[in-house]
Every structure is written in C-alpha cells, then in structure tokens.
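K.L.:
Going down the list, the protein sequences come from chains H and C. Residue numbers for the first sequence, in full-length UniProt numbering: 1 to 199. Residue numbers for the second sequence, in full-length UniProt numbering: 1 to 199.
Rather than coming from a laboratory, the hints here were simulated on the basis of the structure. Each hint should be verified, as a subset may be incorrect.
If several chains are the same, the list does not tell them apart, and a pair holds so long as it fits within one copy or across any two.
The list that follows gives simulated cross-link-like pairs (lysine to aspartate or glutamate, DMTMM-like), each with its CA atoms no further than 20 Å apart [said to hold, decoys possible]:
(1) Lys22 / Glu7
(2) Lys22 / Glu33
(3) Lys22 / Asp77
(4) Lys22 / Asp11
(5) Lys22 / Glu178
So the chains spell out like this:
Protein chains: 2
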Amino acid sequence: MTASLLEQLIDALRVLPGVGHKSAQRMAYHLLERQRDGGRRLAATLEAAMERVGHCRRCRDFSEAEVCAICASPARDIHLLCVVETPADRLAIEQATGYRGLYFVLQGRLSPLDGIGPAELGLDLLAQRLQEGEVRELIVATNPTVEGEATAHYLAQLARARGVRPSRLAHGVPLGGELEYVDRGTLSHAFGSRSEMQE
Amino acid sequence: MTASLLEQLIDALRVLPGVGHKSAQRMAYHLLERQRDGGRRLAATLEAAMERVGHCRRCRDFSEAEVCAICASPARDIHLLCVVETPADRLAIEQATGYRGLYFVLQGRLSPLDGIGPAELGLDLLAQRLQEGEVRELIVATNPTVEGEATAHYLAQLARARGVRPSRLAHGVPLGGELEYVDRGTLSHAFGSRSEMQE
Ligand SMILES: [Zn+2]
Ligand SMILES: [Zn+2]
Numbered sequence: 001m002t003a004s005l006l007e008q009l010i011d012a013l014r015v016l017p018g019v020g021h022k023s024a025q026r027m028a029y030h031l032l033e034r035q036r037d038g039g040r041r042l043a044a045t046l047e048a049a050m051e052r053v054g055h056c057r058r059c060r061d062f063s064e065a066e067v068c069a070i071c072a073s074p075a076r077d078i079h080l081l082c083v084v085e086t087p088a089d090r091l092a093i094e095q096a097t098g099y100r101g102l103y104f105v106l107q108g109r110l111s112p113l114d115g116i117g118p119a120e121l122g123l124d125l126l127a128q129r130l131q132e133g134e135v136r137e138l139i140v141a142t143n144p145t146v147e148g149e150a151t152a153h154y155l156a157q158l159a160r161a162r163g164v165r166p167s168r169l170a171h172g173v174p175l176g177g178e179l180e181y182v183d184r185g186t187l188s189h190a191f192g193s194r195s196e197m198q199e
Numbered sequence: 001m002t003a004s005l006l007e008q009l010i011d012a013l014r015v016l017p018g019v020g021h022k023s024a025q026r027m028a029y030h031l032l033e034r035q036r037d038g039g040r041r042l043a044a045t046l047e048a049a050m051e052r053v054g055h056c057r058r059c060r061d062f063s064e065a066e067v068c069a070i071c072a073s074p075a076r077d078i079h080l081l082c083v084v085e086t087p088a089d090r091l092a093i094e095q096a097t098g099y100r101g102l103y104f105v106l107q108g109r110l111s112p113l114d115g116i117g118p119a120e121l122g123l124d125l126l127a128q129r130l131q132e133g134e135v136r137e138l139i140v141a142t143n144p145t146v147e148g149e150a151t152a153h154y155l156a157q158l159a160r161a162r163g164v165r166p167s168r169l170a171h172g173v174p175l176g177g178e179l180e181y182v183d184r185g186t187l188s189h190a191f192g193s194r195s196e197m198q199e
C-alpha cells in the first residue's frame, strides 16, 4: 500500500533541519487546516528557489543572477574583501557591521578528512581575484574553530603571496563558537577591532 | 526593488508553525546548500497535498479519497464511534490504543465566541450517522478543556436523544492538557478506562 499524500507530506517536511516526525506532523496539519494558500505559496517559492538560485560567479554567495547584488554594486569598496565560510555568516556581518567592502563565500572550510580542499572552496577563484591587484586587505572571517583557524592560516598565506594584507576579526568572538550565532554587538565590535595577521 | 528568491523563500517558510525569521533562514540555507532534491520533493508534495487532500465525507478526517482508509476498512467495528477534535487527536488515539472502531473528526470544538457552532463541526452529519442505528457507543474524546467539556456535554445529549450510549475517556488525561501531547501510556490507559457519561 502506498503512503497517503498526508504521510508523504509529513515525510517530505523532515528534510528541514531540526524537524522530526512530531514537528513535521504538526506542520502538515497546520498547513492543511489553516494555511492552504500559504502552503501553496511555499511550494511555488521552494520550487523556484531550488531551480533558480545558483552561486554568484564573483563571490560564490547564493544568487539568482550571474553576479549578486553586492558584487554588482558600485557603492562597495573594491579594496576590501571579506572571506566567510557560509552565506549565513556573510549575512550576519552585513547586518551587524557597517562594512562596505566585498565578500567571498567559501561555502565550507578546509577539512581534508571530509575531502574538502582548496578546490572545493573555490580558492583558485580567490587567488585569481587577489592577483588582479584591486584588493588591498583580505579580512579573514572564518569561524574560530580548529578547521576555521587552519583555513584562516591558509588564506593568510594565499594573500601575502600576492601582496595583499590579511586581517582577522578581533577576539571577542567566543572561541569554538559559530559566527552565525554571535550577538550583533559582539560581532560588530570584533569586526571593528580586526588586526593584521602575523606570520 | 523586489525581494530576491532567497528572501521570498525565507518569508514563505514562516507559514510553518513555530518557525521565526532565524529558523526560516537556516532552513532556506540548509536546503540550498545540501538538500536541493529534498527541497524539490517537498515543493511537489506540498503542492499536491494542498490541492488534493480534502475531507472524508464519512468522518471529516483528512483524506485524498472521498472516503478515508479507516472508514472504508471492513475490519473496523462499526458499532463504536470515537469523536475527536482534530486529525492529530485521531492519530494519537490510533497509535496509542488498540481501538478498532471508527472515528468522527470535528475539526474544532464548540466555541460560540469564535462563531463555531454545531454546523461548523458537522454535527448534522454526526446526528444523521447516529440516527442510522449502527453506532452503539459514542466515545467522546474531546480535550479536557472548558470548550472541550462543553462540546462533550453537547455530544452526549446528541447521542442519548438517539438511543446511543455516550462515554468519556477516564481521568488520567491531565486537566487543561491537549490530547495530542499526552504520552502514549497515559492515553492508552485513559482510553481503556473510559466510563459512560451521566446526565
Ligand atoms: Zn557576489
Ligand atoms: Zn473517514
């Protein structure tokens, strides 16, 4: 016997992070009982996003366009480039600080055991970008975890080899924490007191 | 400037119960980064469910078919009818107890202030069903809240007027609680020790 549409929906909702069977069931009932239009809109938006949201070819952040709004903006300072691990980190910095430079989104961090090396993080693209000569400071905003620090070290070398000054967010971001969850005040302070990275 | 598809997706996800902006953002990033196929499947299932899941014309529970699988099953005892407020309550009883009778889903409870009266709960359909003469016991499993108790009282009168014996779940279900959240053991016990309702 095939599963009913309701059962299929409950199962499909579990693809969402942090949603177990019980939550999925509540969500399905809620949509069917009270939010059919919202559910239809979610279905349509989800389908469009899964198909059409790709990556900016300049910064690798999510973007529908070939080049994202930030990379395409003439108002941003092209001499500053901030490297983050994820789109959520980029958003956190954009919302918490007054930063007006550009970004580069790794979509991960160096993790040899998981097979994630420089190629997977687009570091060839980043190296080429630094080679172009416009970037003066590379703000390395990877997370203060073991892998994030190793990635930061690698990025600093990459920058120095091309005459670009690497800097790192000031302490204030709790060690072992995830940037995405740091409160705005702390993040803003840490961003403002970033220091040049020493060899 | 129109919102990006990513922003639209984050906004659309907030239709889900208990999902605020931050959770919606995490969900959107998670799907885009790691679950494109799961996201597509969710979109398709959601669309199909919103369009095609209706109500069983016998019991008012959610169903794609005109008559749901439980109502259509020849293995169920047609002399027992259990009335619940919501599909989630029906599922909780089905999973926690050995009940083999049929159900009737009110999709709500009497709440005159909200304009929910007997018609909104399909009580004409229920009265007609009791009139048919097959049902011998009406198990009233509305929630033990003020409105649930008032609904139970109304249902008991409806049953007695048609020569059907009304019963109510035994105490054990915490007062003021929601059936859906009661642990299986308690619910199973309460269901087993249901007692006839007195006038
Ligand atoms: Zn970009
Ligand atoms: Zn049914």
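K.L.:
Identify every previously stated hint that the structure contradicts and give their numbers, smallest first.
P.N.:
3
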